[in-house]
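There are 2 protein chains.
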Amino acid sequence: MRIQATTEAGGNRTLDVMTAIRGRIAGRALAPGDRLPSIRRFAASMGVSPSTVVEAYDRLAAEGLIRPQRGSGFYVSNAATPPLKLAEAETPKARAVDPFWVSRQSLDADEAVLKPGCGWLPADWMPDEALRRAVRSLARGGGDLLTYYGSTRGSPALRRLLLGRLGEDGIEAGPGHLMLTSTGTQALDLVCRFLLRPGDTVLVDDPCYFNFQALLKAHQARIVGVPYSVHGPDIAAFEAVLAAERPRLYITNSAIHNPTGATLAPQVAHRLLNAAAENDTIIVEDDIFADFEPEPSTRLAALDGLSRVIRIGSFSKTLSASARCGYIAARPDWIEGLVDLQIATNFGGPSPVSSEILAHMLAGGGYRKHMEELRRRLVRARRETADRLHRLGIEPVLLPRGGFNLWCRLPEGMDSTPVAQAAVAEGVVLAPGNVFSVSQGAAGFMRFNVAHMIEPRVYSVLEAAMKRAS
Amino acid sequence: MRIQATTEAGGNRTLDVMTAIRGRIAGRALAPGDRLPSIRRFAASMGVSPSTVVEAYDRLAAEGLIRPQRGSGFYVSNAATPPLKLAEAETPKARAVDPFWVSRQSLDADEAVLKPGCGWLPADWMPDEALRRAVRSLARGGGDLLTYYGSTRGSPALRRLLLGRLGEDGIEAGPGHLMLTSTGTQALDLVCRFLLRPGDTVLVDDPCYFNFQALLKAHQARIVGVPYSVHGPDIAAFEAVLAAERPRLYITNSAIHNPTGATLAPQVAHRLLNAAAENDTIIVEDDIFADFEPEPSTRLAALDGLSRVIRIGSFSKTLSASARCGYIAARPDWIEGLVDLQIATNFGGPSPVSSEILAHMLAGGGYRKHMEELRRRLVRARRETADRLHRLGIEPVLLPRGGFNLWCRLPEGMDSTPVAQAAVAEGVVLAPGNVFSVSQGAAGFMRFNVAHMIEPRVYSVLEAAMKRAS
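Chains as they are written, first to last, in the numbering used here: chain A, 1 to 470; chain B, 1001 to 1470.
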């Protein structure tokens, strides 16, 4: 290594040169394949000797950041563009409690692990018998259902059913307004790919569903938050942030908000749409919990009529997270472009196997009864869970009209992140508030899935974890 | 309209100002939300009167490209960032014959439409009975298979089977090297999202699978092509383009190339890998037609051992395009990052319903027999189709060792695009050469799917279309 011969000052100058080059590469002033400034010229511009630059370039080449080309100089190597890593830590255990933490812990957990932090219902709450019947009918079904890609907009049968449901919501929509996707998340992902460029500003609620943040990070969007109250976003703050930041998109849930369980009030919805129109912000309304409502609430797509609002949804929370299928309802010209994007990135629409299972279940008439039963069980589970949490000094911010989430405040001064870390070591996955919060202002909160709060062990581990974290 | 009062020269100056602003917005020197230069300042810099700038700004505002903010000036509106439209035409009929043309025509076609241009086997060639048995066993299966998301890397059973197959190919791989995805196309899409930034250069074969181009367009990649010969890419051209363009990625099929049917020769594979190592290019080897080979050929992932090569694949060509499931085999650190990206953009792995159907079919032992039968049928179909095409003056460039495609040369001077356009009007979807070619140098070629070339009507429509196009 050449550095042995340099003085302290010389060593620093070499590092300065290296830092300058690294900075240009990181800022993309120098892109992969670009030729670096010649040694002589860079030495002059940085006020150092050419040998200092030679040493710096050699060390960067040894790291693989740049490569020498004989007789031609140095070039930024392809490896200089790092892959799009969304999370930092090496091993699952060492991972920070970030928007991926709850997903990874919940999705990959052992069956013995209790998951009150997860965002879906346990298997025994789902219509397993009806699903099996639907699958058997699939096995008997005719044609090329089991072998063929399916049309680019997805199963016509399922689309007809969904158009009917949109009509019931007061949304006039024809076939040109609707497409199916492989999942609800992929629906949102397609919309983001269609409308966003890296660096664009996107507004989300604070708190919001943690995977919105993970997804927007994958799109290299600039994320800003608006505080979410019991009636929807804080409307004065919403109007202000729209005027100040001019976000390209605002992503939210109507009906039952995730994680708070709140319902959008009509007046807030109306002002929200006007502010969006004034600032040319497109709204994505994620409908995924809407069927948990006891009766329909004000919905943005209904007020707006699919001109500025895009509605997305799926049945993974109410029917099956296995036979997955999502949908997008939007302006027909956007749907055209989104279908092309889906062909390019997924070749074809959603799995016909999944869509037909869902169409079978929705057409059967059993879906209404199933949802009534689910809502009944959940009313009771929310009340019982709230009582049991109360004994631990944990209070829900509000009692939701529907759904399975309780957004709760921990006792004064307690931080939910160390509580969650302590609990996961004992086989219980919790959802600490800050994974939902762009501003990281929800340390004192936690989201509980009441359908996973039946086991007494959840409460004993929670209590112990709270003591450890105090 | 103010323009009536301006002279010809004045009118041109207004347009100059408008063009200058449009150019800055298109080049992102001015981004949505940015404030435009003040009227006085811009007038001075362009050497025009302030009233000319006022008129230009007003006209741009009327178009919606910019918006006035009272007391504050003009701002670039959000609508100025156009959505990511991958295709231009308004109506399906008016669409250009581009990489989306064949997809759209084939995927959405009526059952009566004949599709020798499509890239999959007809339903009656697929293992329908075995699929029904697999679906019935799914209906009987235990646990939460029908309701639960499934782990983030996908079905353990299917992954074990795939690891075994990788081992048979001579690729040492452990669980850390493999993940499942919702489809083969989505596998490639994830890799692109992980490794590419807009503007990065990607190398593809010329000709190549048309959806590679559509996908890369969605990623805003700069696409370059390397001529593909009967033994793989023209290796001298490959080495030259790698040194000249330093592409980040090279995407190809080994085994049976799409569309040519060629097989990579060992010497070409070896030199290709060395050139890639020298220029730091990552290789994606799409394995989707590998099981059509009569015996295994040289494979890049086997020579390289998953350090620079990423292997992707799926079973949509051999088992089911309905129960779709893809996979990625790569370095473990890349797989970690890709799993996170899949969680963010699709929340969870592929549909457990689909993966279990495939695992059931692969484990049953019937897959080997099914592929032997398929290969036998295809040998015959390729020979018969080549004979019948010969009578029309159409000759395959080579007779492939396996697979269902014949890449053929039309009679001298004939352009396959108008032939395809004439044929689609008669209910036959063909695949004209230029949808496969980055350089648009394949006008005299066409890809025929021999399994869809049984009907005599295909040949009569083809013959008539060729006459019309002469």
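Because the hints were derived from the structure by calculation, they are not lab data. Incorrect hints may have been included.
Between beta-carbon pairs, the in silico distance windows are [to be verified]: (1) R1376/B to G143/A: 24 to 34 Å; (2) D333/A to R1132/B: 34 to 44 Å; (3) A244/A to P1050/B: 21 to 31 Å.
Subject to a maximum C-alpha distance of 25 Å in a straight line, what follows is the list of computed DMTMM-like cross-link-like pairs (lysine to aspartate or glutamate) [claimed, not checked]: (4) K1217/B to E336/A; (5) K1217/B to D1280/B; (6) K217/A to D144/A; (7) K1369/B to D1128/B; (8) K467/A to E426/A; (9) K1217/B to D34/A; (10) K1467/B to D1128/B; (11) K85/A to E1336/B; (12) K1085/B to E168/A; (13) K467/A to D415/A; (14) K369/A to D124/A; (15) K85/A to D1034/B; (16) K1085/B to D333/A; (17) K85/A to D98/A; (18) K369/A to E168/A; (19) K85/A to D124/A; (20) K217/A to D1034/B; (21) K1369/B to D144/A; (22) K369/A to D1144/B; (23) K85/A to D1110/B; (24) K1085/B to D280/A; (25) K1217/B to D333/A; (26) K217/A to E1336/B; (27) K1085/B to D1034/B; (28) K369/A to E295/A; (29) K217/A to D1415/B; (30) K1085/B to D34/A; (31) K1467/B to D1415/B; (32) K85/A to D1098/B.
Below, a sample of chain A positions facing chain B; criterion: calculated Cβ distance under 7 Å [to be verified]: (33) N78; (34) Y148; (35) S151; (36) S229; (37) G337; (38) T345; (39) P352.
Note that the structure is a prediction, hence the values are computed from the model and not measured. C-beta: ideal position from N, C-alpha, C; glycine also.
Taking the earlier hints as the rules, which of them does this structure contradict? 6, 10, 12, 15, 19, 23, 29, 30, 32, 36
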